[in-house]
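When the count follows our numbering, it moves up by one through the sequence shown with no breaks and lands on 177 for the last residue.
Warning: the hint list may mix true and false statements.
The calculated lysine to any residue pairs, modelled on SDA-like cross-linking and capped at a C-alpha distance of 20 Å, are [to be verified]:
hint	residue 1	residue 2
1	K153	G114
2	K82	Q149
3	K82	Q71
Hints in this document: simulated from the structure, not taken from any laboratory.
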Amino acid sequence: MLTPNINTDIPAYGVDDLTEQSWQWLHAVGQLAAQELAAMPKGTLALLEAQDRVYWVALIHDEYYLATATIFDGEINIQHGALLRDLYGFSIEELNFMREGLTDWLTSQTTLKIAEPRQLQRWSELPVHSVNDDFHS
Numbered sequence: 041m042l043t044p045n046i047n048t049d050i051p052a053y054g055v056d057d058l059t060e061q062s063w064q065w066l067h068a069v070g071q072l073a074a075q076e077l078a079a080m081p082k083g084t085l086a087l088l089e090a091q092d093r094v095y096w097v098a099l100i101h102d103e104y105y106l107a108t109a110t111i112f113d114g115e116i117n118i119q120h121g122a123l124l125r126d127l128y129g130f131s132i133e134e135l136n137f138m139r140e141g142l143t144d145w146l147t148s149q150t151t152l153k154i155a156e157p158r159q160l161q162r163w164s165e166l167p168v169h170s171v172n173d174d175f176h177s
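Use the sequences and the hints to build the structure in full.
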């Protein structure tokens, strides 16, 4: 059986150079976390308690993408999850905070196992977003 690859494409963030650099670093660390999660049993979530956030890998077109959702009042909001590549509108500080959380997770690897892994497969296709020409010109 062929193991799917981790998607390594990093979409442009489209703001200033410092924010773009933080975005690129977040994705670089995210790709490492995705590799670790892909090697774990289906339904495994990376638990970042300090950030009230979980991450998992979603399989789309034979490639794994890192996805994330928040935890609110002890409940994981998978229905509001998003692919990491689609998280726009964050400041440099927020991007760095998320990256630091993933970096810490790579050393601790605290995980949860969801009973129904199909709940994590929220996307059959990559979401299509309109491009704001002010940012991408």
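Is the Cα-Cα distance between K82 and Q149 20 Å or less?
The hint holds at about 15 Å.
Given the hint that K82 pairs with Q71, test it: the Cα-Cα distance must not exceed 20 Å.
Holds, at roughly 17 Å.
Agreement of K153 and G114 with the hint, judged by alpha carbon distance not exceeding 20 Å:
holds (15 Å)
Against the hints set out earlier in the document, no violation occurs for any number.
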